[in-house]
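Asks: Quick mapping for you: the protein sequence lines, in order, are chains A and B. Residue numbers for the first sequence follow the working numbering, so the first one is 1 and each next one is one higher. Residue numbers for the second sequence follow the working numbering, so the first one is 257 and each next one is one higher.
Since the hints were derived computationally from the structure, they do not count as laboratory data. Wrong hints could be hidden among the right ones.
[Said to hold, decoys possible] Below, in silico cross-link-like pairs of lysine to aspartate or glutamate (EDC-like), each with a Cα-Cα straight-line distance of 20 Å or less:
id : chain 1 : residue 1 : chain 2 : residue 2
1  : B       : Lys314    : B       : Glu437
2  : B       : Lys288    : B       : Asp328
3  : B       : Lys495    : B       : Asp273
4  : B       : Lys314    : A       : Glu132
5  : B       : Lys314    : A       : Asp126
[Stated by the list, open to error] With beta-carbon atoms standing in for the labels, derived distance ranges:
id : chain 1 : residue 1 : chain 2 : residue 2 : range
6  : B       : Leu533    : A       : His28     : 55 to 63 Å
7  : B       : Gly414    : A       : His28     : 29 to 37 Å
8  : A       : Pro224    : B       : Pro520    : 24 to 32 Å
9  : B       : Leu383    : A       : Pro224    : 28 to 36 Å
10 : A       : Phe64     : B       : Leu393    : 45 to 53 Å
11 : B       : Ser413    : A       : Thr33     : 37 to 45 Å
Where is the CB? At the ideal position from N, CA and C, for every residue including glycine.
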Amino acid sequence: MTGLGAELLASAQSFVRTVGATTRFLLHLLALTPAGLLRFRLVVEQVYNAGALSLVIIMTSGLFVGMVLGLQGYDLLQRFGSEDSLGTGAALALLRELGPVVTALLFAGRAGTSLASEIGLMRATDQLSAMEIMAVDPMRRVVLPRFLGGAISVPLLTAVFIAVGLFGVQLVGVQFLGVDQGSFWSQMRGAVELGDVTEGLIKGAVFGVACSLVAVYEGYNAEPTAEGVGRATTRTVVISAVLTLILDYILTAIML
Amino acid sequence: MSATHSAAAEPSGAGDDSVARLVDVHYAVDGKPIFRGLDIAIRRGEVTAIMGPSGTGKTTLLRLVTGQVFADAGQVIVDGRDVGSLDRRALYALRRRMGMLFQNGALLTDLDVFENVAFPLREHTRLPEHLIRNVVLMKLHAVGLRGAAELYPQQLSGGMGRRVALARAIAMDPDILIYDEPFAGLDPISMGVVLRLIRQLNDALSISSIVVTHDVREISQIADTSYILSDGQVVASGKRKELESSSSEIVRQFIGGHADGPVPFHYPAPDYHEQLLGGAVS
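Only chain A is shown next, with the shape it has when bound in the complex:
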């Protein structure tokens, strides 16, 4: 029992240390942000790397998530004879939950791992040390643009995911299953409010900051070995996914 207690205490201490270090890392990045935005070309490059190059996976996933939502929603609603409400239900689900959450999970898997392994490998191959010797701050030159690029990309990708998802719902519901097109769109327009759109985008922005922070933090602090970079990449996906779901609950509770 004593051993278990000591182990739990050590784990708790390690957790608190990690949270503290990550918070300091975030504050450091935020302090550097105004100067970083002056070199916007570096940020745009990272928006391309993290965002534009994720478009295919985001659009493909959005389409199929929307199509499944169309099938399941239609099956459920037709039992109550209210299949015309398919558009409303699907839009609210996509805008408020599925869009931001699934986008963040996909971003963590595709771009987050890429960011973590890239920065980790730069550490392992002395590229970050070389920058330090050249009097170039790696936090400013490497980490900040990638963090900002990721944080900007996720809300944009969320919007794309939702739009393509709605197209998927419409494709299955209206084109394949025969829901009335007029009712589908008009009910959606009537029920969806600006607050629903805002909620989705706020969640996208928060998840973007969280997932990007985890990726650059893990990469920057990776042990400079092949195993270390591998572990950092794995941790990025796991922590980002769990953090996204926890933050989703907190944000939903606040905004409902």
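Start from chain A and add chain B according to the hints.
Replies: Relative to chain A, chain B alone:
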């Protein structure tokens, strides 16, 4: 300088012409001492070799000089300033006057050769594009790789990568050029090229060079002064002939390349026979 420890312990003898000095430096990692009273003087305009068996802290010495790590005690003085007392801004200003060639080149893999050499210029100057282009081409020409400007680091051989890194290291016309194991893993031709470049650049640019290596024969051809480290201290220093005539056993083992001696062939282990018969692993 003489080839004795006591003489090496008086770097002040180098006078005002030293560009960097380590004075009674103590440094430990996780409680394990790396340096125990290290004294070294790097003379201005010279090629200074730092040698010693693996694990003696040669690379750590470079990290102390460049301010990547700081001494637990003693002073690391570069260009008249105590590295340990500098704030980040002053340290970065000092580093702008240094160039460093890493053992693996440490080229930025997402940039091509041209952009790698242009990197410090773009970060620290506001030179117009045509001037940056000319400077980069001149630096690449100096290392014989002007024709490789559009290649990426992955497309370069080990020797070429090392030369590109050298071109990048001299891009800002540094006062001190630091080489970490510049010959490691190179074929004889590439080694000869890098060796000649170190001497030529040192003389042509009027800089001071610090070369960390364990390739005794190669570096002896170009080094003005050499230091041999062991057990956290300087065990010998001086010109090539002074080192060769040293009576120190560790120096003779190192220069002669003997497998056994003060640096034992076997890592500390339990008695061989007892371990075999007893079946113990550790």
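Asks: Confirm or reject each hint.
Replies: Verification of the hints:
{"no.": "1", "hint": "Lys314/B to Glu437/B", "verdict": "9 Å, holds"}
{"no.": "2", "hint": "Lys288/B to Asp328/B", "verdict": "12 Å, holds"}
{"no.": "3", "hint": "Lys495/B to Asp273/B", "verdict": "17 Å, holds"}
{"no.": "4", "hint": "Lys314/B to Glu132/A", "verdict": "19 Å, holds"}
{"no.": "5", "hint": "Lys314/B to Asp126/A", "verdict": "17 Å, holds"}
{"no.": "6", "hint": "Leu533/B to His28/A: 55 to 63 Å", "verdict": "58 Å, holds"}
{"no.": "7", "hint": "Gly414/B to His28/A: 29 to 37 Å", "verdict": "36 Å, holds"}
{"no.": "8", "hint": "Pro224/A to Pro520/B: 24 to 32 Å", "verdict": "29 Å, holds"}
{"no.": "9", "hint": "Leu383/B to Pro224/A: 28 to 36 Å", "verdict": "33 Å, holds"}
{"no.": "10", "hint": "Phe64/A to Leu393/B: 45 to 53 Å", "verdict": "52 Å, holds"}
{"no.": "11", "hint": "Ser413/B to Thr33/A: 37 to 45 Å", "verdict": "41 Å, holds"}
Violated hints for the displayed structure: none, as all numbered hints are satisfied.
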